[in-house]
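Asks: Please construct the entire structure, taking both the sequences and the accompanying hints into account.
2 protein chains.
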Amino acid sequence: MLDPERIQELEKLQKTLDYRFGDLNLLNKSLTHKSFVNETASPLKNNERFEFLGDSVLDLIVSDYLIGSFTDFSEGKLSKIRAAVVNETCLAGLARKLNLGRFLLLGKGEEQSGGRDKSSLLANAYEALTGAVYLDGGLGEVKRVFLGGLKQEIRQRVDSRGIQDFKSELQEYTQTHLNCIPAYRVVAEHGPDHEKTFEVELLIQNKAQGRGVGRNKKEAEQAAARQTLETLRPEQGA
Amino acid sequence: MLDPERIQELEKLQKTLDYRFGDLNLLNKSLTHKSFVNETASPLKNNERFEFLGDSVLDLIVSDYLIGSFTDFSEGKLSKIRAAVVNETCLAGLARKLNLGRFLLLGKGEEQSGGRDKSSLLANAYEALTGAVYLDGGLGEVKRVFLGGLKQEIRQRVDSRGIQDFKSELQEYTQTHLNCIPAYRVVAEHGPDHEKTFEVELLIQNKAQGRGVGRNKKEAEQAAARQTLETLRPEQGA
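For the protein sequence lines, the chains are L and P, in the order given.
Under numbering that gives the first Met the number 0, think of the first position of the first sequence as 0, with each following residue one higher.
Under numbering that gives the first Met the number 0, think of the first position of the second sequence as 0, with each following residue one higher.
Be careful, since some hints might not be right.
Only some residues are given here: those of chain P computed to face chain L with a beta carbon under 10 Å [unchecked claim]:
| hint | residue |
| --- | --- |
| 1 | Ser-55 |
| 2 | Val-56 |
| 3 | Val-61 |
Just so you know, the hints here were simulated from the structure itself, not pulled from any lab data.
For every residue, glycine included, the Cβ atom is placed at its ideal position computed from N, Cα and C.
Replies: Below, the structure written as structure tokens:
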């Protein structure tokens with residue numbers, strides 16, 4: 000059904016993915032944009048149904064990973080992280096890393112308007128590809144093939160969120176409830192220069208609250224803010 | 000960790016589910032509402048994280064089933080059906096069939112305000128329970144335990160949607176594009192009374208368009224509307 004040239008082309012993608020499809024038509028379909036088949040054939044031949052499936056597959060493997068890896072994060076926090084990863088921008092980025100654009104089958108109009116590098120199109124193809132691997136090899140293979148890339152994105156977002164999170168959450172809390180903002184003070188520095196740790200004390204209305212330790216001041220402040228939050232509103236946890 | 004009385008109680012639910020947990024604490028946690036633990040313990044002990052996971056699990060097993068069973072439905076249609084099933088009303092109904100309310104652990108306030116029969120609470124517990132089975136037994140067990148109930152809900156919604164869908168879609172189309180509404184005419188009845196089929200012809204501006212056959216007039220009209228839609232706007236498919 001697929002011509003030899005296309006098969007050779009898809010071989011490259013399979014190598015990048017480190018996954019060999021039992022049914023290569025699934026892979027080909029996951030890369031078939033609706034513009035390619037619109038005029039000639041049934042809409043059932045494009046990748047939109049796979050995209051529908053792949054979206055669910057991605058949601059699950061990300062949720063599964065988050066639940067297992069961030070055992071002290073609330074459901075709300077996990078949802079935020081998942082939404083920060085399973086979205087167009089992030090998935091398009093992952094698609095670009097796989098060079099997915101070059102393998103897409105597009106209609107002429109879409110090709111001419113730069114469809115091969117459109118984020119929406121790439122993110123959809125990434126989802127469709129996930130759906131195709133799921134249909135071909137099951138959830139375990141999806142995890143093996145895609146979770147590595149997703150984990151990196153998750154880690155980046157958790158780190159950047161972590162840095163803002165506790166300090167700004169605490170500030171919001173103290174502004175609302177205590178009509179003031181917290182202050183931070185370095186109380187100690189330990190260790191040699193190349194592996195120094197900082198200890199920070201957090202003050203609210205000049206009264207010492209939590210303390211935190213970290214490899215830099217920011218990290219220590221975060222830790223202090225987190226500890227203080229846990230004391231001020233224990234019911235919400237970290 | 001769980002007292003013998005609670006274990007006996009959970010035994011009943013396991014029988015209903017036809018699933019035996021390797022780790023009964025997972026089942027217990029999936030039934031623990033935040034009101035039960037709010038004052039005494041960490042929020043990590045309630046069912047909200049499992050609910051987060053279970054929501055993804057349900058989305059996937061429904062998507063997977065839809066993709067395999069409705070091979071001629073567009074992605075848009077599949078999404079509508081999934082949204083009609085994986086939502087509070089439907090999941091609360093499924094939770095009630097399992098009598099899930101009686102097994103919930105609630106705080107006093109929630110108990111007194113009728114929490115045991117609140118739809119939001121029941122739907123969340125159903126999701127959490129799905130998450131717990133996934134963690135305990137994997138995706139295959141989730142399918143075995145929950146897909147039966149979900150399939151019934153899906154079938155009901157597909158049937159009722161099917162009945163409205165094509166006729167109202169076509170009417171919308173003809174009103175917009177042709178400034179008229181379609182008419183239906185029974186052109187034949189076949190077979191004996193107890194297994195009669197009807198043949199219906201669809202007319203637009205007095206011109207015959209599609210035809211449809213069904214076990215009753217409504218079904219035949221739907222089939223005719225569907226066929227006509229496919230002729231009028233082939234690019235969108237059924």
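Asks: For this structure, which hints from the list above don't hold up?
Replies: Per hint list: zero violations.
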